[in-house]
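Taken in order, these protein sequences are the chains called L and H.
If you use numbering that gives the first Met the number 0, the first sequence corresponds to residues 0 to 119, in order.
If you use numbering that gives the first Met the number 0, the second sequence corresponds to residues 0 to 448, in order.
Warning: the hint list may mix true and false statements.
[Claimed, not checked] To be clear about the criterion: a stretch of chain L counts as covered by chain H if any three or more of its residues have a C-beta under 8 Å from a C-beta of chain H, and this derived list gives those stretches:
| no. | stretch |
| --- | --- |
| 1 | 20 to 27 |
| 2 | 43 to 57 |
| 3 | 103 to 116 |
If you're looking for bench data, these hints aren't it; they were derived computationally from the structure.
Note that CB positions come from ideal geometry on N, CA and C, so glycine has one too.
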Amino acid sequence: MSETTLRAPLYRLAHGRTGDKGDRSNVSVIAYRPEFFPLIVEQVTEARVAERFGHRRPTAVRRYVLPKLGAMNFVLDGVLDGGVNDSLNLDTHGKSLAFLLLGMEIDVPQALAPLLAGPR
Amino acid sequence: MTRDVLSIGGGAGFSGDRWDAAGPVVETLIKRGGRAALIFETLAERTLALAQLARRKDSAAGYEPSLERFVGPVLKRCVDHGIPIIGNFGAANPRGAARRLQVLAREQGLARLRVGVVEGDDLSDERGRTLLREYLAPSDAGREIVSANVYQGAGPIAAALREGAKVVVTGRVADPSLALGAAVAHYGWAEDDWDTLGRVTMAGHLLECGAQVTGGYFADPGFKEVPDLHDIGYPIAEVAPDGSFVVTKAERTGGLVDARTVKEQLLYEVHDPAAYLTPDVIADISQAEVQEIGEDRVAVAGVQGHPRPATLKVSVCFDGGWLGEAEISYAGPNAERRARLAAEIVRQRIGDTLVLRVDLIGVLSVFADDGGRALAARAPGDARDVRLRVAAAHADRARVERLLAEVTALYTCGPAGGGGVRTSLRSRLSTVSCLVPRERAPARCEILD
Chain L
0 MSETTLRAPL
10 YRLAHGRTGD
20 KGDRSNVSVI
30 AYRPEFFPLI
40 VEQVTEARVA
50 ERFGHRRPTA
60 VRRYVLPKLG
70 AMNFVLDGVL
80 DGGVNDSLNL
90 DTHGKSLAFL
100 LLGMEIDVPQ
110 ALAPLLAGPR
Chain H
0 MTRDVLSIGG
10 GAGFSGDRWD
20 AAGPVVETLI
30 KRGGRAALIF
40 ETLAERTLAL
50 AQLARRKDSA
60 AGYEPSLERF
70 VGPVLKRCVD
80 HGIPIIGNFG
90 AANPRGAARR
100 LQVLAREQGL
110 ARLRVGVVEG
120 DDLSDERGRT
130 LLREYLAPSD
140 AGREIVSANV
150 YQGAGPIAAA
160 LREGAKVVVT
170 GRVADPSLAL
180 GAAVAHYGWA
190 EDDWDTLGRV
200 TMAGHLLECG
210 AQVTGGYFAD
220 PGFKEVPDLH
230 DIGYPIAEVA
240 PDGSFVVTKA
250 ERTGGLVDAR
260 TVKEQLLYEV
270 HDPAAYLTPD
280 VIADISQAEV
290 QEIGEDRVAV
300 AGVQGHPRPA
310 TLKVSVCFDG
320 GWLGEAEISY
330 AGPNAERRAR
340 LAAEIVRQRI
350 GDTLVLRVDL
360 IGVLSVFADD
370 GGRALAARAP
380 GDARDVRLRV
390 AAAHADRARV
400 ERLLAEVTAL
410 YTCGPAGGGG
420 VRTSLRSRLS
430 TVSCLVPRER
440 APARCEILD
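One chain only, chain L, in its complex shape (with noise of 0.2 Å):
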């Protein structure tokens, strides 16, 4: 980070959704606008979305891009802890995950700053 960056949440840049089958997830992450989909094809890697879901032990992370949707799709294996009928969790589903994944920190230049979503 320097003078010229600052760091904002990921879900000031994207939006997201959780699906589920058996024990695997996957989470879309979909840039609110153009500008900010090579940001978050950098930054959001496979490499990190594992380390933010490392306490749920995936066994494989694979990332999928999609620029014409401006998006990405992530899958996750195994973070389900069994999936919807094994799981001790309340939300068997992980439903949730997507903003697991959205509290993730981007790294974005002054210049886009204006055009974060959500409360300043």
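Chain L is fixed; fit chain H onto it per the hints.
Just chain H now, kept in the frame of chain L:
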């Protein structure tokens, strides 16, 4: 206004969905004119296993328990206006659901209701079990099966509609196949017209969860606003002769359809975007684009299709033992430390008879893990409104009941000010899936008059 499209409405996205959602969808379809169909998706894996258990107790049961509440409000309007209804609300007993709908039609003053019944998905009989023993993992092949259902495709639905069915009742079919079946019946596409089938499969995918494409599962105040969520309108896809489509929603309702809602739902429960597998086609949204073309109108383009898989997915449910959950609250000064002490007491009382999950609701819960790693890494804080939740599962009911008793006993033996104990004990189902060659699990379609 009549367009050269087939309009497909989504009336429900799961068994627990709103019963009054389909009405405005049907009124919009009627008002706009042209050919239309209405789908209801009400089946989850667990729903089907529960339905199978219900049918074993009562041979007339086993279909969607809310069938009449979903279909009753719109059946006559749909029949009178030539709008076929397609639903997987047959669950474990499509014939039972069909008979119930025929009675419902008579009660509403309709003449005989022609119902198509799609079967062949249920592999829980002896023949099905024999088949599954070949394809299940060896560790699962010997277990007692509660339910086993193969995902069928759009073909038998389209066949029933071509035979003039006013309602098509299915058991397990792939969710997008409900809409694709309606479109194939209308347009008569070849079963290897992969790009077209891929497009309409994604239209069905967008419809199958009801309000999730019209602003449900979406709102985030300050970031993503959605008007009138209490009255959210359910979706309609307008499918053109080449399978391209526009997503919109019921008129004079809340919610919204825009590029954001469509993108989120397009990727919902998708893994590799280039390979979304259904019994009908492998849909490919890697080059998909969405475009807002009017208020609550989004066009989806660029979807492709590839030849369908040679296998069909089977979902198999087994008995999964017992799940126990118990909660108690602590509030005010030092509440978090009192809740943590309560958890420690329960751990010591239970010992190694159960593997416990502990949540401190108000401190850390749903983001955490069954292994307790996230909670262990969290330094104790001073949260002042904390609900301790302890959960465990085991095949032995008595062990799980003991956990519930230990949490209840915290009232008198636990830390100060513990209140509001709630406990629950439920039987569980565990699910596995396997693949079978499609020719070994053919669908059947029958018309009932």
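Hint check:
1. 20 to 27: holds (count 5)
2. 43 to 57: That given contact holds, which follows from 3 residues of the stretch 43 to 57 of chain L lying within Cβ reach (below 8 Å) of chain H.
3. 103 to 116: violated (count 1)
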